[in-house]
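Residue numbers (the numbering used here), protein chains in the order written: chain A, 215 to 470; chain B, 2 to 289.
If you are wondering where the hints come from, they were derived from the structure by calculation, not from laboratory data.
These figures come from a predicted structure and were not determined experimentally.
Errors might be hidden in some of the hints.
[Said to hold, decoys possible] A partial selection of chain A residues facing chain B, derived with a Cβ cut-off under 8 Å:
| # | residue |
| --- | --- |
| 1 | 276 |
| 2 | 296 |
| 3 | 298 |
| 4 | 303 |
| 5 | 304 |
| 6 | 307 |
| 7 | 310 |
| 8 | 320 |
| 9 | 327 |
| 10 | 348 |
| 11 | 350 |
| 12 | 353 |
| 13 | 357 |
[Stated by the list, open to error] Straight-line alpha carbon distances no greater than 27 Å define the calculated DSS-like cross-link-like pairs of lysine-lysine that follow:
| # | chain 1 | residue 1 | chain 2 | residue 2 |
| --- | --- | --- | --- | --- |
| 14 | A | 274 | B | 277 |
| 15 | A | 249 | A | 281 |
| 16 | A | 334 | B | 94 |
| 17 | B | 230 | A | 274 |
| 18 | B | 95 | A | 334 |
| 19 | A | 424 | A | 227 |
| 20 | A | 424 | A | 285 |
A virtual CB, placed ideally from N, CA and C, is assigned to each residue, including glycine.
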Amino acid sequence: MRGHELMIPIEIKDLTAGYDGRAVFSNVDLELRDKDFLAVIGPNGGRKTTLFRAILGLIKPMGGTVKVFGKEPAGSPPGIGYVPQNENLDSEYPISAREVVLMGMRCKKGLRPFYSSEEKESAERAMEYAEVSDFADSRISNLSGGQRQRVYLARALAPEPKILMLDEPTASLDPSMKDCTYDILRKLNRDGIAIMVITHDMSSISHDVKRVACMNRRLIVNDAPEITQEMIALGFHCIPELVHIGPCDCGGHNDG
Amino acid sequence: MVDWVAAFSMPLIQNMFMVAAIACVLCGVVGTLVVVKRMVFVTGGIAHTTFGGVGLAYYVMSVVAVSWFTPMIGAALFAVVSAVIMALPAVSKKLREDSVIGVLWSVGMALGVIFMSLMDRSVVTPRSFESILFGDILLVGSFELKAIAVVTILSLAIIALFFRDLQVLTFDETHARLSGINVTAMNLVLYVLIAIACVVALNVVGIVMVIALITIPAAMSNMFTESLKEMMIVSVILSLIMAFFGLIIAIGADIPPGATVSVTMGVLFIIAITAKTAYVKIAQGKAE
Numbered sequence: 215m216r217g218h219e220l221m222i223p224i225e226i227k228d229l230t231a232g233y234d235g236r237a238v239f240s241n242v243d244l245e246l247r248d249k250d251f252l253a254v255i256g257p258n259g260g261r262k263t264t265l266f267r268a269i270l271g272l273i274k275p276m277g278g279t280v281k282v283f284g285k286e287p288a289g290s291p292p293g294i295g296y297v298p299q300n301e302n303l304d305s306e307y308p309i310s311a312r313e314v315v316l317m318g319m320r321c322k323k324g325l326r327p328f329y330s331s332e333e334k335e336s337a338e339r340a341m342e343y344a345e346v347s348d349f350a351d352s353r354i355s356n357l358s359g360g361q362r363q364r365v366y367l368a369r370a371l372a373p374e375p376k377i378l379m380l381d382e383p384t385a386s387l388d389p390s391m392k393d394c395t396y397d398i399l400r401k402l403n404r405d406g407i408a409i410m411v412i413t414h415d416m417s418s419i420s421h422d423v424k425r426v427a428c429m430n431r432r433l434i435v436n437d438a439p440e441i442t443q444e445m446i447a448l449g450f451h452c453i454p455e456l457v458h459i460g461p462c463d464c465g466g467h468n469d470g
Numbered sequence: 002m003v004d005w006v007a008a009f010s011m012p013l014i015q016n017m018f019m020v021a022a023i024a025c026v027l028c029g030v031v032g033t034l035v036v037v038k039r040m041v042f043v044t045g046g047i048a049h050t051t052f053g054g055v056g057l058a059y060y061v062m063s064v065v066a067v068s069w070f071t072p073m074i075g076a077a078l079f080a081v082v083s084a085v086i087m088a089l090p091a092v093s094k095k096l097r098e099d100s101v102i103g104v105l106w107s108v109g110m111a112l113g114v115i116f117m118s119l120m121d122r123s124v125v126t127p128r129s130f131e132s133i134l135f136g137d138i139l140l141v142g143s144f145e146l147k148a149i150a151v152v153t154i155l156s157l158a159i160i161a162l163f164f165r166d167l168q169v170l171t172f173d174e175t176h177a178r179l180s181g182i183n184v185t186a187m188n189l190v191l192y193v194l195i196a197i198a199c200v201v202a203l204n205v206v207g208i209v210m211v212i213a214l215i216t217i218p219a220a221m222s223n224m225f226t227e228s229l230k231e232m233m234i235v236s237v238i239l240s241l242i243m244a245f246f247g248l249i250i251a252i253g254a255d256i257p258p259g260a261t262v263s264v265t266m267g268v269l270f271i272i273a274i275t276a277k278t279a280y281v282k283i284a285q286g287k288a289e
């Protein structure tokens, strides 16, 4: 971990990535700094999740480099906790919240059919942090969307990562659950974890994050927690004034 | 009227119950993984390709006169090869999974028909198509019983050893990759386990009804359990109860055991769904 502290958590240079030999975004540069809190906004189909997949090493870059604490993230990137979109997981799977959180400890290598007492303690700490302990033994299918999201957050926190990446953690949550989720993220950030979050929730940006990036097949970063006019033009294919005044009729579309 | 004491003292009947018990244990555990990962169609595909292996074995036995290449070994060969083809990333990335399954399913069955038509029936007398497709548990010999017991023990040992990885893989494949699990290798292990379970199950219910033994107990168990381990254990218990119940009906009514077991499982599955739905409605009514 000492080595980690000296390096930039995530460093992306001139990144081009895509699927089946076709680039879906290109020439992306980005730095996630120590103790950073970066929101990534943009339209659906803007390839925000693909950017995350490239950072996590789930797809190989077609050009440029991705470094996580100075190393290429092939396989399992060290020190990253990832919280996927809630609806991508099978909520009918027979598993308790505690078992899901324990899955986070699988990154500790070894062919062991059981979790050690240290691993269980780490999972318990993560559950307390993410406020999951009260329903730790409930089957995930019996939990609300917000509770499930916190379970996946606890799973990402269990191995004590230095970076946390979240893909739309507040999508389809009610306002109180959104506040609760961002309270936990703020607390984590104060404790030194660098956070990168994909969000459509513009209200959270001014209160919670330190920087904003807008992704729509290319990336613009603002070092302040503000959405710039350039970002609105990139994200919505419209001049900013039209976004504020009324429906967009400029003929642009958000590529799905 | 059946003399049950005399029936259960017959080695043939004892053998039948032993084969069924072993198959229920393996299929209950592997079936749980099949149901949670939604791989029922994969299982159907692997099960049906085994017909090609059975046909090949009879053909080889009749032409080359080798006794060790039995229909069960032929079935295992085809099942494992088809499972490996389905699990290979090079195949699954380039082709739709259901198309691959469809091709293997139909070609496997067709090869079985061709091999059986080409074999020399004066050298080897094959089991009937009906017996192979719909099962004839009474024909399982002591060699097959021992082989089934050994592969079941080995398969359960592999599942116990890799349980955490299989749980992560079947719940969230992306998380499995991020955790450093070799997803390709683990998927291969899972597909081969399904292939082995199919070969074991076809001894009880035949090729066509393998899905019943692998899917129904696990699907029922999923309605009443809270964890993967619990689901496996309950699935095995349900499988044993339903299979034994079906076999007793088959002996009593003198009807085919494999088909009776499948129908028994299907009927009890419908009863379980109805009971669960009624229970939930009553519980909701009380809460209101």
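Against the structure, the hints come out as follows:
no.	hint	result
1	276	violated, 16 Å
2	296	holds, 6 Å
3	298	holds, 6 Å
4	303	holds, 6 Å
5	304	holds, 7 Å
6	307	holds, 5 Å
7	310	holds, 6 Å
8	320	holds, 4 Å
9	327	holds, 5 Å
10	348	violated, 17 Å
11	350	violated, 12 Å
12	353	holds, 5 Å
13	357	violated, 12 Å
14	A:274 - B:277	violated, 47 Å
15	A:249 - A:281	holds, 17 Å
16	A:334 - B:94	violated, 37 Å
17	B:230 - A:274	violated, 36 Å
18	B:95 - A:334	violated, 40 Å
19	A:424 - A:227	holds, 21 Å
20	A:424 - A:285	holds, 25 Å
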